[in-house]
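Given only the sequences and the hints, what does the whole structure look like? Please build it.
1 is the number of the first residue of the sequence shown in the UniProt record's numbering; add one for each residue after it.
Heads up, some of the hints might be wrong.
[Said to hold, decoys possible] Cross-link-like lysine to aspartate or glutamate pairs, in silico, DMTMM-like; alpha carbons within 25 Å at most: (1) K49 with E215; (2) K49 with D65; (3) K49 with D93; (4) K82 with D181; (5) K49 with E186; (6) K49 with D84; (7) K49 with E35; (8) K49 with D163; (9) K82 with D232; (10) K82 with E35; (11) K49 with D161; (12) K82 with D163; (13) K82 with E132; (14) K82 with E56; (15) K49 with E132; (16) K49 with D147; (17) K49 with E193; (18) K49 with E240; (19) K82 with D93; (20) K82 with E51; (21) K49 with E101; (22) K49 with D139; (23) K49 with D232; (24) K82 with D152; (25) K49 with D86.
The hints are simulated quantities; they were obtained by calculation from the structure and are not laboratory data.
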Amino acid sequence: MGDSFTEGVGDHDPQRPNGVRGWADRVAAELARLEPGAEYANLAIRGRKLEPIVAEQVEPALALDPDLITLYAGGNDILRPKVDIDALLSTYDAAVARLTESGARLVLFTAHDPGGWPLFSALRGRFAIYNEGVREIADRHGATIVDFWRIDDYRDVRLWDFDRLHMSAAGHQRMAIAVLDALGVEHGLRPLEQAPLPDLSPARRRAENRRWIREFAVPWIGRRLRGTSSGDDLSPRFPEMTALGA
Numbered sequence: 001m002g003d004s005f006t007e008g009v010g011d012h013d014p015q016r017p018n019g020v021r022g023w024a025d026r027v028a029a030e031l032a033r034l035e036p037g038a039e040y041a042n043l044a045i046r047g048r049k050l051e052p053i054v055a056e057q058v059e060p061a062l063a064l065d066p067d068l069i070t071l072y073a074g075g076n077d078i079l080r081p082k083v084d085i086d087a088l089l090s091t092y093d094a095a096v097a098r099l100t101e102s103g104a105r106l107v108l109f110t111a112h113d114p115g116g117w118p119l120f121s122a123l124r125g126r127f128a129i130y131n132e133g134v135r136e137i138a139d140r141h142g143a144t145i146v147d148f149w150r151i152d153d154y155r156d157v158r159l160w161d162f163d164r165l166h167m168s169a170a171g172h173q174r175m176a177i178a179v180l181d182a183l184g185v186e187h188g189l190r191p192l193e194q195a196p197l198p199d200l201s202p203a204r205r206r207a208e209n210r211r212w213i214r215e216f217a218v219p220w221i222g223r224r225l226r227g228t229s230s231g232d233d234l235s236p237r238f239p240e241m242t243a244l245g246a
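Take a look at the structure:
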């Protein structure tokens with residue numbers, strides 16, 4: 001359940017629904033390898049804020065009678081110009097309570113530390129406050145927490161896609177490992193091999209930053225101003241339980 005983080009944005013795969021793979025697919029495939037017959041659904045849609053996630057995904061998820069539920073939500077709310085974090089956490093808490101009533105094991109996530117990205121670094125305090133609220137909610141309801149904020153590996157730019165907002169294939173693989181580790185599952189996933197970081201000249205670095213502003217930042221800000229989302233015309237990748245291979 002959730003937004004682009006769980007949908008798999010940044011882990012490009014044109015052969016899969018919505019053209020992405022993602023950490024959740026990777027976890028599901030590994031669980032199916034360890035337990036043949038395991039099935040998986042993915043209701044997440046990029047751009048969704050917390051309230052639409054709760055309204056659109058909680059009851060459909062519970063109707064599938066799952067043993068394990070993951071929820072990542074709230075990041076898109078925090079990125080808006082104004083946000084009531086206390087109200088956001090109250091909505092989050094109520095959703096977590098509803099999900100844990102089912103008896104399924106629940107996995108929650110903190111958000112990544114945005115301090116390294118100029119466009120988002122001013123929001124670092126918001127994310128820190130929200131993350132502490134998520135940790136408290138996880139403790140209160142007995143949920144498993146994957147503390148994205150504290151995974152230092154994500155300081156490596158190679159774990160991020162071009163847009164600097166979504167994880168790359170290597171980043172999604174690293175998150176799949178973190179999820180399986182948090183669940184206490186012995187698995188065979190390993191970090192993806194990475195090419196050495198290029199030694200960019202100052203001029204090339206400035207050119208890359210200009211391209212990022214032109215191709216990502218400006219369109220992203222435009223959608224925020226218009227109140228639209230890149231996920232407006234998309235449907236869940238796997239709305240029903242599906243047997244997923246590697």
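Here's how the hints hold up against the structure:
1. K49 with E215: holds, 23 Å
2. K49 with D65: holds, 24 Å
3. K49 with D93: Holds - the C-alpha atoms of D93 and K49 are around 15 Å apart, at most 25 Å.
4. K82 with D181: violated, 35 Å
5. K49 with E186: violated, 33 Å
6. K49 with D84: holds, 13 Å
7. K49 with E35: violated, 33 Å
8. K49 with D163: With a Cα-Cα distance of about 19 Å, the restraint between K49 and D163 holds, given a limit of 25 Å.
9. K82 with D232: holds, 21 Å
10. K82 with E35: Between K82 and E35 the Cα gap is close to 45 Å, so the pair fails against 25 Å, i.e. violated.
11. K49 with D161: Cα-Cα ~21 Å, so holds.
12. K82 with D163: Holds. K82 to D163 sits at ~23 Å (cutoff 25 Å).
13. K82 with E132: holds, 19 Å
14. K82 with E56: Measuring from Cα to Cα gives roughly 23 Å; hence the hint holds.
15. K49 with E132: Within the cut-off at roughly 19 Å; holds.
16. K49 with D147: The given pair, whose Cα atoms are some 20 Å apart, holds under the 25 Å limit.
17. K49 with E193: Measuring from Cα to Cα gives roughly 33 Å; hence the hint is violated.
18. K49 with E240: holds, 22 Å
19. K82 with D93: holds, 20 Å
20. K82 with E51: Distance of about 15 Å is within 25 Å: holds.
21. K49 with E101: Holds, because 23 Å separates the two Cα atoms, which is no more than 25 Å.
22. K49 with D139: With Cα atoms ~23 Å apart, K49 and D139 stay inside 25 Å; holds.
23. K49 with D232: Distance of about 12 Å is within 25 Å: holds.
24. K82 with D152: violated, 28 Å
25. K49 with D86: Between K49 and D86 the Cα gap is close to 15 Å, so the pair holds against 25 Å.
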